[in-house]
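Let the hints inform the model, and build the full structure from the sequences given.
So the sequences go chain by chain: A, B, C and D.
Using the working numbering, the letters of the first sequence correspond one by one to residues 38 to 359.
Using the working numbering, the letters of the second sequence correspond one by one to residues 155 to 465.
Using the working numbering, the letters of the third sequence correspond one by one to residues 135 to 642.
Using the working numbering, the letters of the fourth sequence correspond one by one to residues 76 to 651.
Take these hints with a grain of salt, some might be off.
The calculated BS3-like cross-link candidates involving lysine-lysine, where the alpha carbons are at most 30 Å apart (straight line), are [stated by the list, open to error]:
1) A/Lys161 / B/Lys179
2) B/Lys355 / A/Lys40
3) A/Lys40 / D/Lys455
The following residues of chain C were derived to be distant from chain B, with all beta-carbon distances above 10 Å [as the list claims (entries may be wrong)]:
4) Thr189
5) Thr193
6) Asp243
7) Asn277
8) Trp324
9) Asp421
10) Glu427
11) Asn484
12) Gln495
13) Asn511
14) Gly536
15) Asp634
16) Tyr637
Since the hints were derived computationally from the structure, they do not count as laboratory data.
A virtual CB, placed ideally from N, CA and C, is assigned to each residue, including glycine.
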Amino acid sequence: MFKFVSMRLLQSIVVMLVVGLIAFGLFRFVGDPINNMVGQDTTLAEREALTESLGLNDPFLVQYGRFITKAVQGDFGMSYRLRQPVSGLIAERFPATLELSLISAFLALALGVPMGIYTALKPKSLFTRGFMTLSLMGVSLPTFLIGILLILFFGVTLRWLPTFGRGEVVDLGWWTTGFLTASGLKSLILPAITLAIFQMTLIVRLVRAEMLEVLRTDYIKFAHARGLSPRLINFSIALRNTLVPVITIIGLQVGSIIAFAIITESVFQWPGMGLLFIQAVSEVDIPVMAAYLLLIAFVFVVINLIVDILYFVVDPRLRVQS
Amino acid sequence: MSDISNERPSFITRFRESDLWWNFKGSPGAIIAAILTFLMIFGAAFANFVAPHNPFDLATVDLFDALLPPAWEGEGNASYLLGTDDQGRDVFSTILYGSRISLIVGFASVGLAAILGIAVGLISGYAGGVVDSILMRIADVQLSFPAILIALLIDGVARGIMPRETHDELAVYVLVVAIGLSFWVQYARTVRSSVMVERNKEYVQAGQVIGLPDWIILVRHILPNVMGPVLVIATIQLALAVITEATLSFLGVGVPPTSPSLGTLIRIGNDYLFSGEWWITIFPGAALVILVLSVNILGDWLRDALNPKLR
Amino acid sequence: EVFKWSFQGDVQSLDPHGLNETFTLGFLGNVYEGLTSYSSDLQIEPGLAVSWENTAPTTWVFKLREGVKFHDGGDFNADDVIFTWKRTLTSGSDMKGYGARISGIKKIDDHTIEVETPAPNPILPRELAFYYMMDKEWSEKHNSVEATSPKAADATATYAAQNANGTGPFILSERQPDVRSTFTRFTDYWKDIPTNVTEVQFTPISQGATRVAALISGELDMVYPVPVQDWNRLESAEGVKPLTGPEARTIFLGMDQWRDELLYSNIKGKNPFKDQRVRAAMAHAIDLNAIDEKIMRGAAVPAGLLLAPQINGFDEKFNTPYAYDPEKSKKLLAEAGYPDGFELGMDCPNNRYVNDEKICQAVVGLLARVGIKVDLNAQPKSKYFAKVSPQNGNDTSFYLLGWTPSSMDVHNVLYNLMSSFDVEKNTGQFNYGRYSNTRIDEIAGNVEKETDQAKRQDMVAEAFSILQKDVGYLPLHQQPLSWGVRDGVTLAQRADNVLDLRYVVVGK
Amino acid sequence: MSKTLLDIKNLIVEFPSRHGDVLAAKNVSLSVASGEILGVVGESGAGKSTIGNAVMGLLERPGRVGGGEVFLERDKISGLSQVEMRKIRGKRIGMIFQDPLTSLNPLETIAKQLIGTIQTHLGFSDADARERAISLLDQVGIPDPSQRVDHYPHQFSGGMRQRVVIALALCAEPEVILADEPTTALDVSIQAQILDLLRKLVREKGVGMIIITHDMGVIAEVADRVAVMYRGAVVETGPTKKILGNPDHPYSRSLISAVPRPDVRLHRFPMVESIEAAGERKELDLSTHWLGKARDFGKSDGPLLKVDNLEMVFKSGGMFGSSKSIVRAVDDVSFDIRNGECFGIVGESGSGKSTIARLVTSIYKSAGGSINFAGTDLTKIKRRKELNVHRRQMQMIFQDPFSSVNARMKVRDIIAEPIRFHKLTSSESETRQIVDDLLDHVGLGAKAAVKYPHEFSGGQRQRISIARALATRPRFLICDEPTSALDVSIQAQILNLLKDLQDELGLTMMFISHDLPVIRQMCDRVGVMSKGKMVEIADTEALFEAPKHEYSKHLISLMPSYTGLMNKDAEQAEAS
Ligand SMILES: Nc1ncnc2c1ncn2[C@@H]1O[C@H](COP(=O)(O)OP(=O)(O)OP(=O)(O)O)[C@@H](O)[C@H]1O
Ligand SMILES: Nc1ncnc2c1ncn2[C@@H]1O[C@H](COP(=O)(O)OP(=O)(O)OP(=O)(O)O)[C@@H](O)[C@H]1O
Ligand SMILES: [Mg+2]
Ligand SMILES: [Mg+2]
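Shown next, in the form of structure tokens:
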């Protein structure tokens, strides 16, 4: 186990290095950062000087090398856009994103899994059909549309919930949390729902599809023959047998919410990493993008590591290898 | 004693006799969904003939017709059934024309992602060990880049290689590749996870004992048994691909705004939600919902139909 | 009273010399002040200087205001002015251009200085409005004697980018970039100002719809910009209203007039835009009223000049747009040898100006009607500017741009847009199509130095008439200011789109 | 006479399908009283398992009860809702399913599955339930139960799983037990133990039991009455002695006559002259038949297979190789199989027989030793491609027929796959013809080709995998319990076919079975396994006449001779 995990963490370094390399290869396609960093009166010569001093004229491998050399010393540079150390910026944004992703993942799971089971058990019921249709509508409407509609209804018409931001946060020193204040919690609701809709639909459909197959297996039949309660059969035996693909998808989804909840975060002006990232992209904030992509690479390696470990926990048949 | 004929029946008769067709005939839901999907595809493919206007031909679009409500509303104009958008394009015609891009990009990119992802997932899950590690770390790298950046990269490289003129024809491919690349990991990892479970089952061992090469075992034996989640993801990602296309087009790597796709139309319409011009976004949105619904129903049906036990 | 407002983005830096950009400087104008300042209608009035005088063509004497305190309690005096001037010349500064307008400052006494300019400069006081004074002692204490460079290596070097200490009416009390900035009223402020606001909360909200929703739901008192199509909504919603007016920003189209063959066109071997008739044909093909009415909801002001009325040097005579006349346009095209029109690629930003992409689309449609088939390439501003800017060799054939002269003076337009592109002289930097007329170049040079207002205006008029005859640019309109405020809040809407908190009064 | 517990009246079960409805049970009436054991024998695919499922209300869709009634004591239980049925299942009627591998939840330990069931019905505390679970495993003869209880199903051998399934069915002390082939995968000594256990339950607790089996020895040993099923109908019911000794119905008669003799070796198994099917089941003339065309594998000297010091260990317990316990499944085993020989392996359930089969086919990698096949050491081959060259000469019939076929393929494709792949025919139509023919020879009929595996009974599935194995015309065939689920008549047909192939083509076989009479008829030499070791290898007759090793002696002594067992049963009945 120890060996397995440490091997993975070792691999994660390689992953991060590759991500960095590709990142620097593509930054020049994102646009020109200089234009956003200077006013319109700045002369061409000054612009050129700035470009030169930022090293943007160097070949990307040189830029990459410079970045990595500094990064291993813990220095990720300064944001072009916000004139702040990137590491501090990311640390500042991370709690907001993590809280939002976890809540929405939780929502998606807490609703998605039972609904998946229900719709598999009662595939013909009216409720199932209605629910499946509705959830698909939730998927096919773009996130920004859903977000705006939610804002319009709950924020503007009913005025129950805030339309933007994270509300009051409590600073715990190393972490800022919105869980401890009423306004923080209220602010979480709409973005979390917006994010959760897609995840939930995916989970419902996945669980349902897998359940439909598992419910037809002999061991479920034998479990029925032993007179076990439906709760035990459906939730413990059958559900567990559907878990491997479900865990996989959940892992990927949680990862991508943490990484790229871009649209939701910008619709709700949620001060998270997704917002930071999209703004970095639109202003070509290279240091932020670079550090951010490395972080995300690490997040994904860790999440996928956890997922792979969960496979072993869930399915003993997989334990023989490794 | 059985009806063995010497020739192999033609494809059509085989299809008509196949369980799939037989099953299809007995599922009204699937039939309706198939008809709707067909209508959408047909409408898109033959938009030139079906659509009352040609919204992509800007010489025929009149800015003064902009923002007309649907025909049945007070200020509506009978020649614009579903109203017009901010540029004076007929919404109905634009949906038809725009679906063309969206359908191509949607299906092609999801198809690309699925094929790539399934292949990687199968190999990775089956081979295990170093191969698995390498492929999955590549997947991790891929995951770290959102579609936006991939699109910018591909677009940039494509522009670098290709002459200026070809860029517009290229736009669709750039979109397909970019979206396909950013979606494949989902398939790869799910398929891999299922393959890891399946590969130890006896039917796989039986295939090995016959001496079948690995790829046949993978494609013919394991693949059908892991298709369930794949179909679910693919049908859902179709919607995502259409929307992603709109986002990428906004970033300037996709199709130009003068020939908007379904997704772009929804995105444009989004600007008019507050101002009361709901038809610009609602109708294309509804078209997308119908498409996604039908494809999902078809996907569900196919999944059940492919599983002999669920018939 | 608490005042909450929102803009679409946050300032990059709190360093008053970090970025020469209108929103940033306007935002910081509530914390920092210059020797002069803008009134709500963009007139120059005394700021930290009580008075000034042009004692010789290149010499100005400024009397500084006495008793002015910085937020940390330090006194404002001549040393601070000199310090500030030197600071703007350091490498990280983006105000070097302004700094260079001064060649030396002599301290006469603590509150009198003599400013030397390298050449006669009639608009120096105007150019000093955004030239914010910093406290020498504070800067030295915090190791911020140099302007923070975007290249800065560590957090200490960027102290001034994250902290502020000005003389303005508001003290920055808390700041989280991109999330929230809070200001409290500076009780020792030297001037009596209308505002009754004691605390200001600023939140950037990037999405227009969210911004509008937050205003309507009562969470904010004022937001901008409001998407123009949402005005109706604001008008019909209770308790809020749109606040509009023309902005000092002109939107226009430019054409590549220097290459011998257009980069993006089907015409090979020659450049149609070198022919004045083609440019004129373009001008007459574009229906500014239609764009105004349908795209801008009637809120834009169709323009004939690259210059808005609020700008010093504006001349109403020339502000009549080219007439919309597609027939004439076709005729001109035929005369020029393009009876069937031609194909053309167009570059357009899609997140820079009000409805920029939509305007471009409309232009494409209008040009299509006279046979010019335009291929639109709309991109976010970073990519757009990277493509069309001179650093990239002005890689465009036809583009849309908007311009507000930062000095609020016509010279800025002559210099940046109308003069020939010249790296040495730094002229024509935003003249992406490289329109060139030697007479205009000459005039631009003279206008800079001319201190006689009437003569100056004559020169300007000549330049305008040349440009108009040449059809060097295709001006579209003055972009509208589009603010949304809660009922009961009164404020001054400045044409440079700056919110000056001094004028904000929050009522019930 | 004790009271009737379960009474099945005129039960009709049908499986509608696209290719016509299958009537799996036609007016079946059966009953069992408290303290009674009813044996059900009959043709494979006759509908025996279907009846069990129908009684439990667990028929798989699209199957449905088309008529008839089922009573438990006096209550009608047919047509009850799922909620009401749940109260009956497990607690009042316990069912042992035919397929032990797929009946167990692969993700839970045996302990968890047992404890869950025990607690559902008996409300025990965790500790008590665990204790009972362990004692149940002990009763069904699982060695080291306290350790084994924490293992997962895939870590058990076929026979052990079967015993776990029995333990699960028994753990709530049901009033009626439906046992569907409960001992097929068990060696004679464990089988005797299980039968003892069941008999004790019936006699002491007054349980009523229906036991479905193909093993006449088992019937003779435990059943009070016997029902014979044929093509969905019960053709004859009567006391065991009468049915075994003097059956009335022609099918019953032919069935009894086909029981392989344990005592003497015959050249061929006696074939059933079954009434209706007589015309279909033609003898096969290998000299003209496709199967008779030998494939050219080249020649090799010496034994075809030579296994030396083979070792295999399974680690289990910890999650990442940090093994808690090690199972030595194969421990220093050496043997060889000559060209054209049929080598039998018998032995204790869980002694490593299937593991050897898997090692030989390179499904598992051995932990030591060598496997020489036709002169090549398979354990040394690294590349898959090379391995496949050798594998293609081998074939294996898996112990578990259902798991070893791909449930998503039609039977035709399953069987045709190796033919197509090895290009053994020249055209697709020939392939189809051969598949249909093969299906015919394993007694399924060509109609089976368009169906999917799950539409078949246990025995029928086993025949599918036999047909697939034969389709490659292998040089070396490994049979892991090939006929355990087959009724004696089909068994005879198939074993004769194998014998013919051996005679005509020199097919070499490794034949794993618990059925000693079959081993005696089939094999030339036999290896006896116990606890992972090959304890004795001898010529068949020598072994049966004079076993040397202790375990062999024990095994042979328990060989059922049903006449003898009947007497023992009679003695017991008299004693009680
Ligand atoms: N995958 C596995 N993991 C752990 N232990 C295993 C595994 N497979 C088999 N075993 C163990 O190896 C031993 C031998 O198993 P094997 O299946 O070879 O027995 P067998 O002789 O075929 O028995 P049976 O006649 O019951 O089928 C058993 O104790 C079993 O529990
Ligand atoms: N799901 C199904 N769909 C269609 N037909 C089925 C299905 N299950 C069983 N049958 C058919 O019903 C008949 C009876 O099957 P059943 O399993 O009861 O046989 P059995 O007597 O138990 O045979 P065996 O001794 O081989 O296990 C068989 O002919 C089989 O083909
Ligand atoms: Mg059966
Ligand atoms: Mg076995």
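Okay, the hints, checked on the actual structure:
1. A/Lys161 / B/Lys179: holds (18 Å)
2. B/Lys355 / A/Lys40: It holds: about 27 Å lies between the C-alpha atoms, which stays within 30 Å.
3. A/Lys40 / D/Lys455: holds (28 Å)
4. Thr189: holds (53 Å)
5. Thr193: holds (50 Å)
6. Asp243: holds (57 Å)
7. Asn277: holds (37 Å)
8. Trp324: Consistent with the label, tryptophan 324 of chain C stays out of reach of chain B, its closest Cβ about 42 Å off (over 10 Å).
9. Asp421: violated (7 Å)
10. Glu427: Violated, because the least Cβ-Cβ distance between glutamate 427 of chain C and chain B comes to about 8 Å, which does not exceed 10 Å.
11. Asn484: violated (7 Å)
12. Gln495: violated (5 Å)
13. Asn511: violated (7 Å)
14. Gly536: holds (18 Å)
15. Asp634: holds (28 Å)
16. Tyr637: Per Cβ check, tyrosine 637 of chain C is outside 10 Å of chain B; nearest 28 Å; holds.
Of the numbered hints given earlier, the model fails hints 9, 10, 11, 12 and 13; all others are met.
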